[in-house]
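Engineer: The primary structure of each chain is shown beneath.
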Amino acid sequence: MSLPAIIYLMPPSPTEIDTNPHYPELRRAVRQLCARFPSEYWRRLDAQRAYPVEFVETMTAAGFLGALIPEAYGGGGATLAEASVILEEINRSGGNAGVCHAQMYVMGALVRHGSDEQKERWLPPLAEGELRLQAFGVTEPTAGSDTTRIQTRAVRDGDEYIITGQKIWTSRAEYSDLMLLLARTTPLEAVKKRTEGLSLFLVDLRGADERALTIRPLETMINHHTTEIFFDGLRVPAANRIGGEGMGFRYILDGMNAERILIAAESIGDGGWFIERAVAYANERIVFDRPIGQNQGVQFPIAQAYTHLRAADLMRWHAAELFDGGKSCGAEANMAKMLAADAAWEAANVCLQTHGGFGFAREHDVERKFREAKLYQIAPVSNNLVLSYLAQHVLGLPRSY
Amino acid sequence: MNVAVLVKQTPDTAELPKVTVAEAQSGELQATMVINPWDEFAVEEAIDLSDRFGCETVAISMGREGETDALKHALAMGVDAAVHVDERVIDGGDEWATAEALAATLKMVDTGDQVELVLAGKMSVDGNSSVIYAGVACMLGWDLLVNVTRIVDIVDGKLIAEQAFEGGQETVEVPLPVVISVAKEINEPRYPSFMGIRKASRVTIPTLGSDDLEIRPSSTTRWTDLDKPEPEDVQVRIFDGASVEEKVTQLADALMAEKVI
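Those protein sequence lines, which keep their order, are chains A and B. Note that this note's numbering has the first sequence beginning at 1, numbered continuously upward. Note that this note's numbering has the second sequence beginning at 1, numbered continuously upward.
Bound-form chain B, shown alone (with noise of 0.2 Å):
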């Protein structure tokens, strides 16, 4: 059994209010891109269980020509191997089709084993859509685990997960294959070592275009409209007071006349 990893490059979270919705309409942003934070915990539990469970690992991510940062980012923290897809094999870019994308370019990696187990962070930091993985679940045909906090073991087939929902935690079990969302109580990510950085600045990731997938996923839906809202007018309050208490008090006072509590 093998795992693969799908990550994905987005700005840098401290970046984002500058994108700019031309930017973001062109796809040409200034931002510093970054491997997405949420997708480092799904990278972090793949190394994980290639430690754990002796498999290999291949991060996958789709995105523009030569945009790699997010990969090398994988590599240098540990998997062993990357694949680039390139966006233009799909029309258009919304989730059904990006999904069926990454879909045909699972089924095609070869990691010397069966790929039996995908993982994703729960959510990007720019789209926040929340629904790639368990598109490519549904392409698969495979079972789906969403906000899993541990992986408690894979044993005869079958994994066995913890996945938190509102108010609680469920232990599951599934049999193989199984494409898993990550929540990020499930790890703490390593940082990339040194030599880990070295490592992947040699590595050259392949990159699959229309030609190799051999499919054209076609996007469903268009953009019509682009807005950024404006930032809120915050005003800044200062209690001052005496005391702990009486500050606390002002607080609280505050708060209740804003009807907050």
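Isolated chain A, as found in the complex (with noise of 0.2 Å):
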């Protein structure tokens, strides 16, 4: 239909900068629900330090965060490529999808690996929101991102493991029913290769011993609800070991791929956010009587993180595509996180820039979704393991570690 002669005049709407066409509806539906959640929402989290309970709920209850457990088991059946477009939303929303992004990478072991009873017993109470399965424990203090190195012990008894060690930047431990956990069943001493003899486990935190499970949370500089956890005797069932016993670092290298195409996705979103903002401070802004955005000295490098930004993003499909297609996407995975927390931080490093001392502010909120895109430099990997990957794994370089 042609529109009739009546045009109202609204409000103008903030700047939309265009980062991605792919999905709309689902894109428009994310963020339907994320304006149910402003900045003034995440604010607050931030200052109390609190967990976002009723986002998190939210977001289970419209399918969203069960989107990757497959359709016969109450899920959305989705393809990573759409599952990364939702947790891109919600950080380009000005929220932080950090919160519950592992609800689902970190079910795609049980989903791949999972028996059919354990897949059964679990992934549709996941998948209704009923349960929470948003923890991973897998680095400790000593083993840092050398993760075969591992002390955490799981001793075979009977039908049950009893679990000893430690484990550290366990995120979201408080807030989940369900942890899975890697633990070392056969001692490094005793395997030909490092990489074998890693387990791993379904542990149920609801009701665990107190005596044998103590989670202790870290203050960090972002609302990220990271903790460490003490195991000291702790009983899981057999029944809850994923798949082979140790066959675990292979089944979490598996996941890897995924967990690095959504946090890209994330860091996406992160730089969408902050090239909006910089744009529409820069063009709104007047200082000596014309707006900032004026200058090339501010318009460049906005200008350049949005074009970094762009490129990152191709690499994040490329390495989705690949994904779904079921081939090989190792380098394109770990690329799109490089490329695209890179992008995402120089594009909150511009964005800062550009409010000034306005940026410190806490109302603007540029502060705090900074301290939160910084993360993904480190997290879930290093970049620098990234390129010692490339290096070794693509390029064929000697390995330097």
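Read the hints as simulated data drawn from the structure, not as lab findings. A hint or two may mislead.
Calculated pairs, DMTMM-like style, for lysine to aspartate or glutamate (alpha carbon to alpha carbon, straight line, at most 20 Å) [said to hold, decoys possible]:
{"#": "1", "chain 1": "B", "residue 1": "K199", "chain 2": "A", "residue 2": "E71"}
{"#": "2", "chain 1": "B", "residue 1": "K199", "chain 2": "A", "residue 2": "E284"}
{"#": "3", "chain 1": "B", "residue 1": "K18", "chain 2": "A", "residue 2": "E128"}
{"#": "4", "chain 1": "B", "residue 1": "K107", "chain 2": "B", "residue 2": "D143"}
{"#": "5", "chain 1": "B", "residue 1": "K122", "chain 2": "B", "residue 2": "E188"}
{"#": "6", "chain 1": "B", "residue 1": "K228", "chain 2": "B", "residue 2": "D69"}
{"#": "7", "chain 1": "B", "residue 1": "K199", "chain 2": "B", "residue 2": "E214"}
{"#": "8", "chain 1": "B", "residue 1": "K199", "chain 2": "A", "residue 2": "E128"}
In this text the structure is predicted, and so the values were computed from the model without any measurement.
Dock chain one against chain two, each of which comes alone in its own frame, and use the hints as you go.
Structural biologist: Set out below in structure tokens:
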């Protein structure tokens, strides 16, 4: 239908920077939901160091956090590309998908390697939102990125495993019902390859023996609800082991490409938010009788950051396409994560610089998003390790570590 | 009894001010097109009636070729089926011809049972004519209820509803079939779920053209001119004062000086 004569004058919307034309209906649906959780909501949570329970419940009820669970188990049966749009839009709206992204990729191990019985038991309540699987216990104080050297042990005792050890930077453990845990079932000295002898467990945190499990929150520069966890003889049913004993490292590697691509999408969302805010402020802020955005010293860095963001996004889509096509995508997923995290960080710096002193004011949200965007240059894998991976496995250079 | 809901695809309200006269004249809008927000209330009510009375629901929209985003949205919200009517079935684009085409479509729609209730939003954010549904009721020879805020019950071939009017509300009873325009007070439209979006993306929406309708409604009105008012020059004043009382006093004085109050 042609538009009739009366065109209403509505308040102008903020400048919207088109970062992505894919999946418009899904994008719009996520944006609509996120609009119920405006910047003030996230700012308040950040100040209170509180977990966004209402946001997570709303997203779960709408089926967004169970998107990657197969439809047969009550989930959305999404492609990774679709799932990445959901997380991107959360960050694009000014929110922080980090509070719930693990619900998407952690369960990948269960979906791909869990037994039928495990999937039937756990996936439907996860899809329904009755259970949260938001925590992934891998990193340890002494092992860092050298995952094969983790020291948390799981020793078989009849129908159970006894877990002893310590994890650090395990996020959202206080707000999760279940945790995926990587522990060594065969000592490092007893395996031929150090990637062997690690096993993956689904730990039910509800009602766990308090003497055997201690979760201690860690204060950080962002509201990421991260913790350190101490296991002192925690008993976990052997039925909760995912896949074969000693195969855990392979299983988590398997899920890392998905994680990298999802994190890349979050960074793309962050970058879009920063660019949009920077452009809006550069246009409206008048100094010396003209908008500051009229100065090339202000507009060029924004344009450059935007260019880098769009380029990073192309790698994200390329990696997602390979992943969804069942093709090898280790290099592309890692490059997407690194490029997107760097582009988001560049956009964050540009946005803060454009805002000048006002960028430091909490009410503009730039400083909060600035702190949050930095994380993805470091986690879930440091960009330096991405470079090491590319140098060794793609370019054939000697292993550097 | 089955339910049909009329939906229109309109520019996103946030982007309406960006629509130019040239775009409006050509129909080639650059704005993001979405379901008319008022129609979301009608879609929500159709889905609710489906839950309450077990009826099938179908969304119908007339628009440009391939313009099915509004219908996809209705499907994602939960209606059972959707039908797109190519706008070229009518000559021109006025409300009367549009209503005639929609009425003809309603006669053709096969939902397994008779459509006896047609729902529509009370207006569209772009056209704001608020007469399409009245025209449809007229063409079909059905009763019409406007500004309905609650459908109380459907029993014994009758529909009981509450409708708002200026300064009050009344409860009315009409025999089916009936056309109803809904007010925003009637419900809170749901957000499409991820599963709904996925389901909608897989649906192939049938399009009806001139050959299907076997009629050629003709517009009786033609645009002779199209204009867009210039934005008003709005001035912003911020009242500074030591206390709330002082600020409010200044505000009240200013409003009285401008003869607003």
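Engineer: Compare the structure with each hint and give your call.
Structural biologist: Hint-by-hint comparison with the structure:
The straight-line distance between the Cα atoms of B/K199 and A/E71 is roughly 11 Å, inside the 20 Å bound, and the hint therefore holds. The hinted pair formed by B/K199 and A/E284 fails the criterion: a straight-line CA distance of about 42 Å is larger than 20 Å. Restraint check: the Cα-Cα separation between B/K18 and A/E128 comes to about 41 Å, which exceeds 20 Å; the hinted pair is violated. Pair hint B/K107 plus B/D143 holds up; C-alpha atoms about 16 Å apart against a cutoff of 20 Å.
Taken as a hint, the B/K122 and B/E188 pair is honoured in the structure, with Cα atoms around 15 Å apart against an allowance of 20 Å. For the hint pairing B/K228 with B/D69, the CA-to-CA distance comes to about 26 Å; that exceeds 20 Å, so the pair is violated. Distance restraint check for B/K199 and B/E214: the Cα-Cα separation of roughly 32 Å exceeds the 20 Å cut-off, and the hinted pair is therefore not satisfied. Taking the CA atoms of B/K199 and A/E128, the gap is about 18 Å. The hint holds against a cut of 20 Å.
Consistency note: the structure conflicts with the earlier hints numbered 2, 3, 6, 7.
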